[in-house]
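Engineer: Chain by chain, the residues:
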Amino acid sequence: MAVTSDPNATTNGTTGDGAPITPDLSAFDGIDFADAEMHDVVIIGTGPAGWTAAIYAARADLEPLVYMGPQPGGQLTTTTDVENYPGFPDGILGPEMMERFQEQAERFGTDARYGTVTHVDFSERPFRLLVDEETPVYAQTVIISTGASARYLGLENEQRLIGKGVTACATCDGSFFRGETVAVVGGGDSAMEESTFLTKFAEKVYVLHRRDELRASKIMQERAFENEKIEFVWNTEVVDVLGENQVEGIEVINNETGETRVMDEVTGLFLAIGHTPNTDPFTGWLDTDDNGYIITRPDSTYTNVPGVFASGDAQDHEYRQAVTAAGTGCMAAIDAERWLAENGRVEPESARTASQPATAKP
Amino acid sequence: MADNPNVVTLTDDNFEDEVLNADQPVLVDFWATWCGPCRQIAPIIEDLADDFEGRAKVGKLDVDNNPKIAQEYGVRSIPTLLFFKNGEVEEQLVGAMGKSALAKKLEALSGQPA
Chain A
1 MAVTSDPNAT TNGTTGDGAP ITPDLSAFDG IDFADAEMHD VVIIGTGPAG WTAAIYAARA
61 DLEPLVYMGP QPGGQLTTTT DVENYPGFPD GILGPEMMER FQEQAERFGT DARYGTVTHV
121 DFSERPFRLL VDEETPVYAQ TVIISTGASA RYLGLENEQR LIGKGVTACA TCDGSFFRGE
181 TVAVVGGGDS AMEESTFLTK FAEKVYVLHR RDELRASKIM QERAFENEKI EFVWNTEVVD
241 VLGENQVEGI EVINNETGET RVMDEVTGLF LAIGHTPNTD PFTGWLDTDD NGYIITRPDS
301 TYTNVPGVFA SGDAQDHEYR QAVTAAGTGC MAAIDAERWL AENGRVEPES ARTASQPATA
361 KP
Chain B
1 MADNPNVVTL TDDNFEDEVL NADQPVLVDF WATWCGPCRQ IAPIIEDLAD DFEGRAKVGK
61 LDVDNNPKIA QEYGVRSIPT LLFFKNGEVE EQLVGAMGKS ALAKKLEALS GQPA
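So the protein lines, in turn, are chains A and B.
FYI, the numbering for the first sequence is 1 to 362, going by this note's numbering.
FYI, the numbering for the second sequence is 1 to 114, going by this note's numbering.
Be aware that a few hints might be false.
Here are the simulated DSS-like cross-link-like pairs (lysine-lysine), alpha carbons at most 27 Å apart as the crow flies [to be verified]:
1. Lys68/B <-> Lys200/A
2. Lys200/A <-> Lys218/A
3. Lys200/A <-> Lys229/A
4. Lys68/B <-> Lys204/A
5. Lys229/A <-> Lys204/A
6. Lys99/B <-> Lys85/B
Simulated from the structure, these hints should not be mistaken for laboratory data.
Chain A with its partners taken away, still in its complex shape (with noise of 0.2 Å):
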């Protein structure tokens, strides 16, 4: 991976062929930059990655902003107890968990605002972001926490019944199905969490997996197999959901046998298969793989373009857990804080800004 020496060059990304894409700034056309704001770090996201860079920036006083996005404490919001962050002896619930990280990083002067950025202009520093298409910010740095999303199977089906018995959030939804029976997909943790939880509310629970082997740690295989109410169905994926309004059965196929057949019982589908990174507003300026997670550099979270860090989910598929997505976002931040020391800031170069005729700021 390329890192150039001029500290304020930049290139464009490339994604796992190597082949590099041109970003598209025309949501930059318009914009006028004029009188948007300049920050030293924008954190972008708010898992436990971003909120941690947040309270290391903070802490070395560069009074960092934070745009919370979309679903604000992120993937973690989802869950119901935590139980492996250390420090947390009885466990911890997510939601709650996320609060305090935020506290945490608002106590040491975190500017924490809603909104997401959408778009980026990383070609030279000071760098431009655009929150919610519209709004115009400067960055000396950024640090990319965007986290990860459930992902969905693709079906066409799927997508117009999500909210409406298709779901990817168990501890969200599953206590609408109360007496009903519903089916999770995935072979993961996360998946038999899932269906676990789901036993509280659902009659019976099937478990659809494509192989006949499970990759869920041991722990949580056995808590789903000791479970009455689950039901294991191998070697099984989803090919339709059915119902007009709400759903009313899905159809899977066997990919041993190639034979399919109609669950006209299951009410309620919940996908468990995994996730995607959050990256696309980064595309064309940073390397990713071919999933779309940012390349780092080796033992940092330097990206391929110098300012802009990478930490949690975003750049990481291997690990994804709360506590290393928080040790990256340690990392960021002290990379952050370590590169402006040493490359300094930058004013903005004005007659860039937008489509009007420049006006020189003092």
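Given the coordinates of chain A, assemble chain B onto it according to the supplied hints.
Structural biologist: Only chain B this time, still in chain A's reference frame:
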């Protein structure tokens, strides 16, 4: 909970009066106390209620205490946001959403810019 006086607490009992018979567009936030994403967007909902005071109504309906209305509108995910105008559902959004996107929809329904 809705401490903000501009956020109407909706129930199975007052839904018809407050939402269906309202003379303004109404944004209804279906939520529950145990729903993490719902808690996180609560401040956005309160902000919108303040910003649109007099032009649109913003209400919250706790799905645990008011299962009838939630069921009637087929709500099976929360947060779900329903936009009503003249007693009809104009739009349904599922999951957390940015404030500006919600504001734009309310603006369109209330027929005048903020």
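Engineer: Hint by hint, say whether it matches the structure.
Structural biologist: Hint by hint, here is what the structure shows:
no. : hint                  : result
1   : Lys68/B <-> Lys200/A  : 21 Å, holds
2   : Lys200/A <-> Lys218/A : 21 Å, holds
3   : Lys200/A <-> Lys229/A : 9 Å, holds
4   : Lys68/B <-> Lys204/A  : 23 Å, holds
5   : Lys229/A <-> Lys204/A : 5 Å, holds
6   : Lys99/B <-> Lys85/B   : 20 Å, holds
Of the numbered hints listed earlier, not one is contradicted by the structure.
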